[in-house]
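Student: Sequence:
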Amino acid sequence: MYTLNVKNNYIWPISTSEAKNIPAKGGSAAFEKQGNIILEVPGMGALNFIDIAADRIPGFPNPQHWGVLIRTHSIEAYYRYEGGGELTATFDKFGTCTLTTSNGSLISISLPELVVDDKGIE
0 MYTLNVKNNY IWPISTSEAK NIPAKGGSAA FEKQGNIILE VPGMGALNFI
50 DIAADRIPGF PNPQHWGVLI RTHSIEAYYR YEGGGELTAT FDKFGTCTLT
100 TSNGSLISIS LPELVVDDKG IE
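FYI, the numbering for the sequence shown is 0 to 121, going by numbering that gives the first Met the number 0.
There are no misleading hints in this set.
Below, computed lysine-lysine pairings styled on BS3-like, alpha-carbon distance capped at 27 Å:
1) K92 - K24
2) K19 - K92
3) K24 - K6
4) K6 - K32
5) K6 - K92
6) K19 - K6
7) K19 - K32
Just so you know, these hints were derived from the structure itself, not from any lab.
Please take these sequences and the hints and turn them into a complete structure.
Tutor: This is the structure we're talking about:
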């Protein structure tokens, strides 16, 4: 389990799949012992935090035991940690999210959003 800290400096409140709204222009929230969570950012889309536990994404040999995949509509982040992980998502006044961690490794990756099987229906 990890802790997700959210700092919202955006002009709109951010809603979460945990039924909590993070107020605009300076609001913050901490989600402790977190698994999966979605942050809905008005005008920007969703950030999907997927707790992948001990599973690994092929091609990324980060050594830490626990993992979280963070997906948006344009880029992904891959976070691995030992013990209690901690992520901070800081939204600026334009809605841009900056992810940081004080425990573990956090890298930017790219995964396909859609795979089309060109064999078609038989």
